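Trainee: So the sequences go chain by chain: A and B. Residue numbering for the first sequence follows my numbering, starting at 398 and increasing by one per position. Residue numbering for the second sequence follows my numbering, starting at 509 and increasing by one per position.
Because the hints were derived from the structure by calculation, they are not lab data. As the structure is a prediction and not an experimental result, all values here were calculated from the model. Just so it is clear, CB atoms sit at the ideal spot from N, CA and C, and this is done for glycine as well. Take the hints with a grain of salt, since some may be wrong.
Quick list of in silico lysine-lysine cross-link-like pairs, DSSO-like style, CA-CA up to 27 Å [unchecked claim]:
hint : chain 1 : residue 1 : chain 2 : residue 2
1    : B       : K621      : B       : K703
2    : A       : K654      : A       : K572
3    : A       : K572      : B       : K703
4    : B       : K703      : B       : K745
5    : A       : K486      : A       : K526
6    : A       : K534      : A       : K572
7    : B       : K577      : A       : K523
8    : A       : K523      : A       : K572
9    : A       : K523      : A       : K486
10   : A       : K432      : A       : K654
11   : A       : K596      : A       : K534
12   : B       : K621      : A       : K486
13   : B       : K703      : A       : K522
14   : B       : K577      : B       : K745
15   : B       : K745      : A       : K486
Label-pair restraints from in silico Cβ distances [what the hints assert, rightly or not]:
hint : chain 1 : residue 1 : chain 2 : residue 2 : range
16   : B       : R537      : A       : K654      : 47 to 55 Å
17   : B       : R537      : A       : L656      : 28 to 36 Å
18   : A       : K486      : B       : T668      : 50 to 58 Å
19   : B       : E692      : A       : F417      : 24 to 32 Å
In silico negatives: residues of chain B with every beta carbon more than 12 Å from chain A [as the list claims (entries may be wrong)]:
hint : residue
20   : I554
21   : A557
22   : F642
23   : V701
24   : L712
25   : Q727
26   : F757
27   : P773
28   : L778
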Amino acid sequence: MNDVSHAMPMVLAEGVSKSFGSNEVLKGISLSVAKGEVMCLVGPSGSGKSTFLRCINHLEVVNGGRLFVDGELVGYTQKGDTLFELHPKQAAAQRREIGMVFQKFNLFPHMTALENVIEAPLHVKKMPKAQAIARGKELLDRVGLTDRMGHYPAHLSGGQQQRVAIARALAMDPKLMLFDEPTSALDPELVGEVLDVMKGLAQSGMTMIVVTHEMGFAREVADSLVFMDGGVVVETGIPREIISNPQHARTQAFLSKVL
Amino acid sequence: MTDSRPQAKPLATGSSPSLEAPSHSGPIRAVKLKHPWRTVIAVAIIIFAVLFIIDASQRTAYDWPSVGKYIFDRRVSEAALNTLQLTIYSMVIAVTLGIILAIMRLSPNPVFKSVAWFYLWVFRGTPVYVQLVFWGLLAIIYQSIDIGIPFMQPWVSFQTTAALNTFTLAVIGLALNEAAYMAEIVRAGLLAVDKGQEEAATALGMTWFQTMRRVVIPQSMRVIIPPTGNEVISMLKTTSLVTAVPYSFDLYTRTRDISAETFNPIPMLLVASIWYLLFTSILMVGQYFLEKRFARGVGDRKPEKGERTGPFTGALTTVRDASTGSTALPIADKNGGDSR
Ligand SMILES: Nc1ncnc2c1ncn2[C@@H]1O[C@H](COP(=O)(O)OP(=O)(O)OP(=O)(O)O)[C@@H](O)[C@H]1O
Ligand SMILES: [Mg+2]
Chain A
398 MNDVSHAMPM
408 VLAEGVSKSF
418 GSNEVLKGIS
428 LSVAKGEVMC
438 LVGPSGSGKS
448 TFLRCINHLE
458 VVNGGRLFVD
468 GELVGYTQKG
478 DTLFELHPKQ
488 AAAQRREIGM
498 VFQKFNLFPH
508 MTALENVIEA
518 PLHVKKMPKA
528 QAIARGKELL
538 DRVGLTDRMG
548 HYPAHLSGGQ
558 QQRVAIARAL
568 AMDPKLMLFD
578 EPTSALDPEL
588 VGEVLDVMKG
598 LAQSGMTMIV
608 VTHEMGFARE
618 VADSLVFMDG
628 GVVVETGIPR
638 EIISNPQHAR
648 TQAFLSKVL
Chain B
509 MTDSRPQAKP
519 LATGSSPSLE
529 APSHSGPIRA
539 VKLKHPWRTV
549 IAVAIIIFAV
559 LFIIDASQRT
569 AYDWPSVGKY
579 IFDRRVSEAA
589 LNTLQLTIYS
599 MVIAVTLGII
609 LAIMRLSPNP
619 VFKSVAWFYL
629 WVFRGTPVYV
639 QLVFWGLLAI
649 IYQSIDIGIP
659 FMQPWVSFQT
669 TAALNTFTLA
679 VIGLALNEAA
689 YMAEIVRAGL
699 LAVDKGQEEA
709 ATALGMTWFQ
719 TMRRVVIPQS
729 MRVIIPPTGN
739 EVISMLKTTS
749 LVTAVPYSFD
759 LYTRTRDISA
769 ETFNPIPMLL
779 VASIWYLLFT
789 SILMVGQYFL
799 EKRFARGVGD
809 RKPEKGERTG
819 PFTGALTTVR
829 DASTGSTALP
839 IADKNGGDSR
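Using the sequences and the hints, build the whole thing.
Mentor: Structure follows, in structure tokens:
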């Protein structure tokens, strides 16, 4: 990891803040995710983890600070000291580079697994259909769903649905993958199959930010762990060290609940 | 779970029904519950209906020979075709315009929102009959239609009466009124689609318009189609108001005109009713197939070979019930893991 940390980080947050009305959810988040790094984001409910992920993907507009993905300012263009809001088309173009996986899968229920995966390559990337299908099959194969390509989401188990969702995000060839509690909606016996896919992805060198309560995954797979509470980063460091020896009382209290 | 309790009790009291358990393990054969009152009421209704039909067939006021004579009368069948055309053209325009208006109302653009709101306010706020009379008077209010830049010599200019005949005016009048109602139906359908769907599509880099067209609208169809079927059938009958334009070649106006000549209105009413019923029946069949088409992925698709069915069937039946009956069930639930 040392060799990549000097290069431009994949995600750089500088004092990012976000409010919904008078409710300040993010109060100046600063962190950096190197290329190829896997970062786990943990924290109690309502601490702003999802909101931060959504800001990175420009699903929410940042109110303060600066957020860069691969050196590019998210949501705005800067000319001199002036920021200009992006046109929705430009924002959509930024999102294409970022894959996102949701807690509730959010697969398109009227499309089969394969159709879900090829949807964006076909209609966003304008990839030729044969090529999109070949790539889609390859990806579904990779997440272990070779025999489920023609199935509708309603006919798949939760774990299978989430794996389709991962394949769907990968189909856009993202340089960054965001996971928002990808296993929280799953039955315990299905969690493993999804974590395995994510582990494989991490090993292939994908940059990932994972919001999760799976401390085993964090310890084993993540390069760094960030503990958030009340809209600020409380503690950050090597997963193993934080988990075994948390420095802050809030981190200790949280870890004692999830471990 | 609660059913298991009565079984658990004897176990606790020390008797040993667990030893007899194997005798209960086969498929259940129980005496079917009888519904004697259903049978009684059904028989009573059938008797009543038969008596009514026998009576009606002999009653001279219905004048069945005239019904038979006029049902395929050239003027009547032409009028029936006109009514069908009025219905189809105005519904096609109304659905298209309704989708546009609904999307405008939900769009992030405040200009679109206000325009759509104003349209609905005007067209839902006035009776369709009044609107049809207005369209009929269009040629008097605006004698010519000019296309061009305001305050300049128009590029094209034509007489209103020459450009728009009464049929076209009737279609415009019916369509624009109906579009306001369709817009609300479509809007309800769009709102019924889970927010997460829009989010997922956006995260994939789809534009707002692509998200609507590829993801939200197809899913909302399941919610939109049943009430739209209602609207089509209602439109079929509303066409009888086009006499306000005045357009007089639709089914109802035509049969009424014929009965004015024959001084025998009852058989002509029957003739018109039979044609309306025929069309309604055809439309209902069409609706059935459309609903099946858009139930894809959540409806009663036959499981493929080798697919496990067991735990899914329960959830799927619920979903199917929801798609044919009340449509309030949020689609999101079917996407989630909890649908299993
Ligand atoms: N669109 C929104 N409008 C208003 N408030 C919001 C919105 N989204 C999130 N919030 C608020 O922001 C706060 C943080 O929410 P967020 O979903 O980011 O927390 P989280 O850390 O992901 O929690 P969880 O573990 O429960 O998912 C909450 O208090 C929530 O009510
Ligand atoms: Mg969250």
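Trainee: Decide, hint by hint, whether the structure agrees.
Mentor: Now the hints, each set against the structure:
| no. | hint | verdict |
| --- | --- | --- |
| 1 | B:K621 with B:K703 | 19 Å, holds |
| 2 | A:K654 with A:K572 | 33 Å, violated |
| 3 | A:K572 with B:K703 | 25 Å, holds |
| 4 | B:K703 with B:K745 | 37 Å, violated |
| 5 | A:K486 with A:K526 | 23 Å, holds |
| 6 | A:K534 with A:K572 | 20 Å, holds |
| 7 | B:K577 with A:K523 | 61 Å, violated |
| 8 | A:K523 with A:K572 | 19 Å, holds |
| 9 | A:K523 with A:K486 | 15 Å, holds |
| 10 | A:K432 with A:K654 | 31 Å, violated |
| 11 | A:K596 with A:K534 | 20 Å, holds |
| 12 | B:K621 with A:K486 | 21 Å, holds |
| 13 | B:K703 with A:K522 | 24 Å, holds |
| 14 | B:K577 with B:K745 | 23 Å, holds |
| 15 | B:K745 with A:K486 | 45 Å, violated |
| 16 | B:R537 with A:K654: 47 to 55 Å | 52 Å, holds |
| 17 | B:R537 with A:L656: 28 to 36 Å | 53 Å, violated |
| 18 | A:K486 with B:T668: 50 to 58 Å | 41 Å, violated |
| 19 | B:E692 with A:F417: 24 to 32 Å | 29 Å, holds |
| 20 | I554 | 41 Å, holds |
| 21 | A557 | 42 Å, holds |
| 22 | F642 | 39 Å, holds |
| 23 | V701 | 10 Å, violated |
| 24 | L712 | 4 Å, violated |
| 25 | Q727 | 6 Å, violated |
| 26 | F757 | 42 Å, holds |
| 27 | P773 | 50 Å, holds |
| 28 | L778 | 44 Å, holds |
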